[in-house]
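All the letters of the sequence shown, read from the start, carry residue numbers 1 to 130 under the numbering used here.
For the record, the hints were derived by calculation from the structure and aren't laboratory data. Since the structure is predicted, the reported quantities are computational estimates derived from the model, not experimental observations. Even glycine gets a Cβ: it sits at the ideal position worked out from N, Cα and C. Nothing false has been slipped in among the hints.
Quick list of the computed label-pair ranges, beta carbon to beta carbon:
hint	residue 1	residue 2	range
1	F53	D77	36 to 46 Å
2	E94	E56	27 to 37 Å
3	L6	F54	18 to 28 Å
4	S70	P39	37 to 47 Å
5	L6	K83	45 to 55 Å
6	E80	T13	41 to 51 Å
7	A69	F42	33 to 43 Å
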Amino acid sequence: MGATLLDGVVVETNAMVAAGALLRQDTRIPSGEVWGGNPARFLRKLTDEEMKFFVESATNYSNLAQVHASENAKNFDEIEFEKVLRKKFANHNEDYDSMLGLSVKFLPSWSFQTHVEGKITETFAMSLLR
Numbered sequence: 001m002g003a004t005l006l007d008g009v010v011v012e013t014n015a016m017v018a019a020g021a022l023l024r025q026d027t028r029i030p031s032g033e034v035w036g037g038n039p040a041r042f043l044r045k046l047t048d049e050e051m052k053f054f055v056e057s058a059t060n061y062s063n064l065a066q067v068h069a070s071e072n073a074k075n076f077d078e079i080e081f082e083k084v085l086r087k088k089f090a091n092h093n094e095d096y097d098s099m100l101g102l103s104v105k106f107l108p109s110w111s112f113q114t115h116v117e118g119k120i121t122e123t124f125a126m127s128l129l130r
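Please build the complete structure, drawing on both the sequences and the hints.
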């Protein structure tokens, strides 16, 4: 985040550059080290737990990017329909509904994009809201 790496800088796998760092030309950051500052210098070694977190973090960012792309691909009608679903189920409480003998066949987090593939499904989904 905001780090500057000049020509020839190499950051090895499982190495970390701190936010705002300036790495001079041809600097090599060895695996398992954290570098930061202006100019950047060695700060400390990473723990094994921190290096394992890199994989988890990369997976999380990848998943978030897929969700973001999916949300941005929706057309206006899909967005408006999801607004109706969220409003309808905003105060949904399964315990209270079960005391009244009510049940809902799908979850409020139901995905419009993966489940609504045409007019028939949309009509079915809208009938559940009435």
